[in-house]
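Chemist: One line per chain: the protein sequences are A and B, in this order.
The opening position of the first sequence corresponds to residue 1 in full-length UniProt numbering, with each subsequent residue numbered one higher.
The opening position of the second sequence corresponds to residue 1 in full-length UniProt numbering, with each subsequent residue numbered one higher.
Read the hints as simulated data drawn from the structure, not as lab findings.
Warning: the hint list may mix true and false statements.
Unchecked claim - Incomplete in silico selection of chain B near chain A, CB under 7 Å:
| hint | residue |
| --- | --- |
| 1 | M1 |
| 2 | S4 |
| 3 | L7 |
| 4 | Q129 |
| 5 | G138 |
| 6 | G164 |
| 7 | Q168 |
| 8 | V219 |
Unchecked claim - From chain B, some residues computed to sit far from chain A (all C-beta separations above 12 Å):
| hint | residue |
| --- | --- |
| 9 | K10 |
| 10 | Q36 |
| 11 | V59 |
| 12 | S70 |
| 13 | H146 |
| 14 | F149 |
| 15 | S182 |
| 16 | F186 |
| 17 | G192 |
| 18 | R230 |
| 19 | R235 |
| 20 | R237 |
Since we're looking at a predicted model, the values are computed, not measured.
For glycine and all other residues, C-beta sits at the position ideal for the given N, C-alpha and C.
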Amino acid sequence: MSLVSLNEAEKVYIIHGVEENFRCDGRSRQDYRPLELEMDIVSNANGSARLRLANSDILVCVKVEIDTPLPEAPKDGKIEYFVDCSANATPAFEGRGGEHLAAELSRFLCLAHGPVFNLSKLCIVPGQSCWKLFVDVLILECGGNLFDAVSLAAKAALCNTSLPNIVGTYEDGQNIDLQISDDPFDTKPLEASDLPVLVSLCKIGNSYVADPTIEEEICGAGCIVVSVTPKGNVTAVLKKGAGSFMPDTLNEIIMSGSHIGILLNKALNETLIQDMSSNVCKQQYGFLK
Amino acid sequence: MNISISLASKKTRHAVLKPSSNPPIIFTPGEKIRDQTGFMRGHGTYVSAGSLKATVAGVEQNINKLVTVSPLRCRYNGEIGDVVIARVTELVHKRWKVDINARLDAVLLLTSIQLPGGELRRRGMEDEQSMRSYLSEGDLISAEVHSVFADGSLSLHMRSLKYGKLGQGVLVKVQSNLIKRSKNHFHNLSAGVSVILGNNGYIWIEPTNDNKDPVGFEVDLQQVVDIGDRQTISRVRNVVLALSYYKMLIYDTSIQYALEESNKYTVSDLLTAEACYDIANLTRHRLQAMGE
Numbered sequence: 001m002s003l004v005s006l007n008e009a010e011k012v013y014i015i016h017g018v019e020e021n022f023r024c025d026g027r028s029r030q031d032y033r034p035l036e037l038e039m040d041i042v043s044n045a046n047g048s049a050r051l052r053l054a055n056s057d058i059l060v061c062v063k064v065e066i067d068t069p070l071p072e073a074p075k076d077g078k079i080e081y082f083v084d085c086s087a088n089a090t091p092a093f094e095g096r097g098g099e100h101l102a103a104e105l106s107r108f109l110c111l112a113h114g115p116v117f118n119l120s121k122l123c124i125v126p127g128q129s130c131w132k133l134f135v136d137v138l139i140l141e142c143g144g145n146l147f148d149a150v151s152l153a154a155k156a157a158l159c160n161t162s163l164p165n166i167v168g169t170y171e172d173g174q175n176i177d178l179q180i181s182d183d184p185f186d187t188k189p190l191e192a193s194d195l196p197v198l199v200s201l202c203k204i205g206n207s208y209v210a211d212p213t214i215e216e217e218i219c220g221a222g223c224i225v226v227s228v229t230p231k232g233n234v235t236a237v238l239k240k241g242a243g244s245f246m247p248d249t250l251n252e253i254i255m256s257g258s259h260i261g262i263l264l265n266k267a268l269n270e271t272l273i274q275d276m277s278s279n280v281c282k283q284q285y286g287f288l289k
Numbered sequence: 001m002n003i004s005i006s007l008a009s010k011k012t013r014h015a016v017l018k019p020s021s022n023p024p025i026i027f028t029p030g031e032k033i034r035d036q037t038g039f040m041r042g043h044g045t046y047v048s049a050g051s052l053k054a055t056v057a058g059v060e061q062n063i064n065k066l067v068t069v070s071p072l073r074c075r076y077n078g079e080i081g082d083v084v085i086a087r088v089t090e091l092v093h094k095r096w097k098v099d100i101n102a103r104l105d106a107v108l109l110l111t112s113i114q115l116p117g118g119e120l121r122r123r124g125m126e127d128e129q130s131m132r133s134y135l136s137e138g139d140l141i142s143a144e145v146h147s148v149f150a151d152g153s154l155s156l157h158m159r160s161l162k163y164g165k166l167g168q169g170v171l172v173k174v175q176s177n178l179i180k181r182s183k184n185h186f187h188n189l190s191a192g193v194s195v196i197l198g199n200n201g202y203i204w205i206e207p208t209n210d211n212k213d214p215v216g217f218e219v220d221l222q223q224v225v226d227i228g229d230r231q232t233i234s235r236v237r238n239v240v241l242a243l244s245y246y247k248m249l250i251y252d253t254s255i256q257y258a259l260e261e262s263n264k265y266t267v268s269d270l271l272t273a274e275a276c277y278d279i280a281n282l283t284r285h286r287l288q289a290m291g292e
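Turn these sequences into a full structure, and let the hints steer you where they fit.
Modeler: Have a look at this one:
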């Protein structure tokens, strides 16, 4: 995936830096690079967000549709994740290059959100119709730590999503016709603030770092991605890379990930509240830096 | 632990350059520059329906009747004598292919390096077989542009004690046209670190090492860079990125001024947009006051 290659001396320099708790860009092992978030930038979607983490640029857009629920879960709605790795991000994503990463990301997002996301909220008429959410993630630039950035952007977009109100139903024999409100502002927000975010911890030497850059990801033996809810519960864990972890280290990493995850969730929540309060005459920037 | 998520609407969006009274006209690809009659078509232009149009986004430059458009942002176009930082990508017959941020990979011939120990002789079969022991894939070198081939690719040489394989340090990539051409591209900053400003936009930052083996292909992997040097290296790295974000020319004076202005921030604070803007702005003021 990466076009960055490092030689032994550069790797040694990074590894020694991590041991001294002083990384190449001056951060300590637990620090995140500054993040930038913009809400509601796709006007024809039900919810959207753009997140920039150093050089990683993620656009997430949520669309809702009416669908019939699955026969085994008649009272539940549906949610589908789709990740697209744009070839603009890195030439390695050209053609089918990013497919593997995209599948891994969407599968893990689904796994992480699964235990927390209450699908019954998406139910309209049990057994007949429900809302289906399409969460589309577009990776526009790739600067390391994609999992964290994608999950933060996805959570922000879902928090931004609102479902149209249904003003009436007409029964026509077996079928039920739903009438959706014509007013685009007649909506109710989707409660998504309890969704987890992902925290990647990359093992470099004998210690591990949060928010690894591409260079650090190359140096690392392996990476653990922990999905953490705002209360600190871990809903899923994934290992990336070829390295192996001792049970003790793994426990320590998961504990530390859960601690970081609480703070990350808190920071995102504060930013979302700040965005809500400054909603009047907001100027949109998009990709014009 | 430091996590900050800011809103895009809260970001400072000022340019550090002062608005001039007659800003240059920027042409976009396909935009008409002028009628062709009486003018010659140069780089970055094409003729369509009797008029000259731009093929790149940039500003017009005229030399007598020749019309060219020089792009605002492009890959590195080498010139003979440029100092470049290069990364070895592959080994082929009697030469290394190196990445220098140009359209094509440059070549470094086996005959254009100095053998360890300063031996001067013809390069035979044995030397060719031990090429990987000198430089292997991923290694970084500093070198000089020796010649330009007809297709625009470059040939490099390292036949001077200044050039050689690079050891422990940090590589920063910026746009190649931000590097100011000067007599000397090797600088020992007063803070105790050395920087090599490659004309190709690659900047190497390393701790100053006085007793370095001049012509060696050996790199000391055991050496641990001490925390003081490490902090300065990271500071230089962040400052260079701040200057490049605001499209300011990068050379010894601008780096030195920016470093002095950055002293009120901690190294990790230099990653924030506010600190970057502050430093770039203060540096520009100081450079203007000095008349540069």
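Chemist: Indicate, hint by hint, whether the structure satisfies it.
Modeler: Checked hints:
1. With its C-beta approaching chain A no nearer than about 4 Å, B:M1 sits inside the 7 Å limit, and its interface hint holds.
2. Restraint check, B:S4 versus chain A: the minimum CB separation of about 5 Å is within 7 Å; hint holds.
3. Given hint, B:L7 at the interface with chain A, holds; its Cβ is 6 Å from that chain's nearest Cβ, closer than 7 Å.
4. Interface hint status for B:Q129: violated, as the beta-carbon distance to the closest one in chain A is roughly 21 Å, over 7 Å.
5. Using the Cβ-Cβ criterion of 7 Å, the hint placing B:G138 at the interface with chain A is satisfied: the shortest such distance is roughly 4 Å.
6. Because the closest C-beta pair between B:G164 and chain A is about 13 Å apart, greater than 7 Å, the hint is violated.
7. For the restraint placing B:Q168 at the interface with chain A, the shortest Cβ-Cβ distance is roughly 4 Å, inside the 7 Å limit, so the hint holds.
8. The closest approach between the C-beta of B:V219 and any C-beta of chain A is roughly 5 Å, which is under the 7 Å cut-off, so the hint is satisfied.
9. At roughly 8 Å from the closest C-beta of chain A, the C-beta of B:K10 falls inside 12 Å, breaking its exclusion from the interface.
10. Residue placement check: B:Q36 keeps its beta carbon more than 12 Å from all beta carbons of chain A (closest about 34 Å).
11. Listed as outside the interface, B:V59 is consistent with that label: its C-beta sits roughly 20 Å from the nearest C-beta of chain A, beyond the 12 Å cut-off.
12. At roughly 23 Å, the least C-beta separation between B:S70 and chain A is larger than 12 Å, which holds for a residue marked as non-interface.
13. For B:H146, the non-interface assignment is confirmed: its Cβ lies about 23 Å from the closest Cβ of chain A, beyond the 12 Å cut-off.
14. Under the 12 Å C-beta cut-off, the non-interface status given to B:F149 relative to chain A holds; the minimum distance is some 24 Å.
15. Once the 12 Å rule is applied to beta carbons, B:S182 is consistent with being away from chain A; the minimum gap is 26 Å.
16. Residue-level check passed: B:F186 sits 18 Å from the nearest beta carbon of chain A, beyond 12 Å.
17. Residue-level check passed: B:G192 sits 16 Å from the nearest beta carbon of chain A, beyond 12 Å.
18. Here B:R230 does not stay apart from chain A, with its beta-carbon only about 6 Å from theirs, under the 12 Å limit.
19. For B:R235, the condition that its CB be more than 12 Å from all CB atoms of chain A is violated, with the nearest at approximately 7 Å.
20. For B:R237, the condition that its CB be more than 12 Å from all CB atoms of chain A is violated, with the nearest at approximately 7 Å.
In summary, the structure is inconsistent with hints 4, 6, 9, 18, 19 and 20 from the numbered list given earlier, while agreeing with the others.
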